[in-house]
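Participant: In order, the protein sequence lines correspond to chains V and X.
Counting in my numbering, the first sequence runs from 6 upward without gaps.
Counting in my numbering, the second sequence runs from -5 upward without gaps.
Among the hints, erroneous ones may be present.
[Claimed, not checked] Partner residues are not named here, just some residues of chain V that face chain X (Cβ under 7 Å, in silico): (1) Asn41; (2) Pro101; (3) Ser105; (4) Asp107; (5) Thr173; (6) Leu184; (7) His186; (8) Arg187; (9) Pro240; (10) Met242; (11) Gly245; (12) Met257.
Treat the hints as calculated values from the structure; they're not laboratory data.
Everything numeric in this text was worked out from a predicted model, so none of it was measured.
The C-beta atom is built at its ideal place from N, Cα and C for all residues, glycine as well.
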Amino acid sequence: MTSNPTPIATEQVFGDPSTEFEYPGAEHPAREYQLNANGLQIAVHEWGDPDAPPLLLVHGGFDFARTFDVFAPLLAAGGWRVVSWDQRGHGDSEHPELYSWDADMRDALTVFDHVSPGRPLPVVGHSKGGALMTQLADAQPFRFTHLVNMDGIPFNRRIPDVAEHERTKMVSAEIAGWLDHRRTTATAQRKPGTVEELAARRGRMNPRLEPDWLERLVTTGGYESADGWRWKIDPSMRFGGFGPWRPEWTLMRLPGLPMPFLGILGREMEEMGWGTPPEKVLPYMPLDGRCEILEDVGHFVHVEQPDRVSGLVLDFIATPGATAGGAA
Amino acid sequence: MTAEDVTMLRHGKVDLALHHLRDAAPAGGRPLLILHGLGEVSAKRVPAWAEAWTGPIAALDFTGHGSSTIPRGGGYTAELLLADADAALEALTNGDPALSITVVGRGLGAYIALQIAGARAAQVRGAILVDGPGLAGGPTGPTSQSFFSLPTSAVTPDPYALVELGRDLRPPDYATQFVRLALAGSDLDEPIAVASVFRPEWLEAVAREHGVMQATLAEALAAYAD
């Protein structure tokens, strides 16, 4: 421990840009640094003119900031300093002892305070990042000029009718499985493989994404050691889980949001998505909000259609105060 | 009492202190695990109320408490503490799923005792829920609570533990789910005992469930003794 006060940004380049696979339109961030978030090092990545007005991009669960390598440069070309960070345990950020929604929220505040101290800014969140930012926009609206939520509106997926004792069995197995996993977390490691193998594994979760894109993802979100490539994400993290939180509680925060709101939802349901039918969201639009529903697009709207989605975002944030249905 | 006997258990990136307050007697007997309340530390000797217990007695310091690790930047949930308790269960049963323990939880520890009784129903032979710090917890639904950083030091309890575990959501129907899991997986008719005077909403709901005994701490310990 030092006696110096902490939050200081430490510039550095994460990973080795020379080993990153090429992909059309993909750019390594122009600037990268670490922020000290209450004792934890959080990796921040920026694209675009450092003197342009800032905009925040927030990634989803099991993703990382570099999943914006194509999307962020398109927004930067629209005149923005685009800033994203790796959530704790993801990408190039440190692997902490604990994970929670509140902790992610506090880490986010460290980035907000560093990037735009005392001034609101536009925020774009995908998936879990969209849900986090929807709750933060409700709790701390003064930080936002605009909020864009890309397929990050949780919804209560009803499991088809099952008998009560069957439901008990399912919950029991889920919790026991999670505890069994916790017993392995002290020594767990991600499974190594070739770039192609890691891309294929990820492709099973994202069948709509191109193999070339997934392979680049491995080279930005993974690291290579003697026995192969591994994802950087903390091996103690596990998809799923349980707890008292209910997905519909995020939906309830939407109608009261005071800043202009744009939802961009993909029609096609995918494993990493929330399974939210777009029509279910429409009744919850805030007064200054609207939704774009993209047909034949999955959960990763900004990866599948970066030009169209960045266009929607740029139109939306360039017209502060645009009212429902008012933008082209 | 002899000098303090502590085992450090590794749970993820955290070291948990399990205090062995009494060793196994020659005649055996089921281990008793004591879970402390929010902001407390484990007792260092057998509490007077547990003197009559015939088996070994141990007490766990939760993450961020007592002699256990202080995490960087918080992130506490009740479910993480459930996994802390599961690490103690594994240690006290030597990893043998055929062996079981009895759990007494104070305050926050009572909520965790309920959870482990449901999550490891076959291995928890009675969970006793008593008064203590952190019994109420947070609200039962979505809230307007904000988010902020806290000053920390190298000393437990961790302020993030105090704040995050003091406001964690405790919907009654989430709590009662653990009673149903306990009942479904235990061969006891009443695997959970509510011995607290104070009954916040989640605990009132638990106390009303089938399979939950209302008893004093002494009565409940006697009921789960064999």
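Participant: For a quick check of understanding: which of the numbered hints are violated here, in increasing order?
Facilitator: Violated hints (numbers, rising): 1, 7, 9, 10 and 11; every other hint is consistent with the structure.
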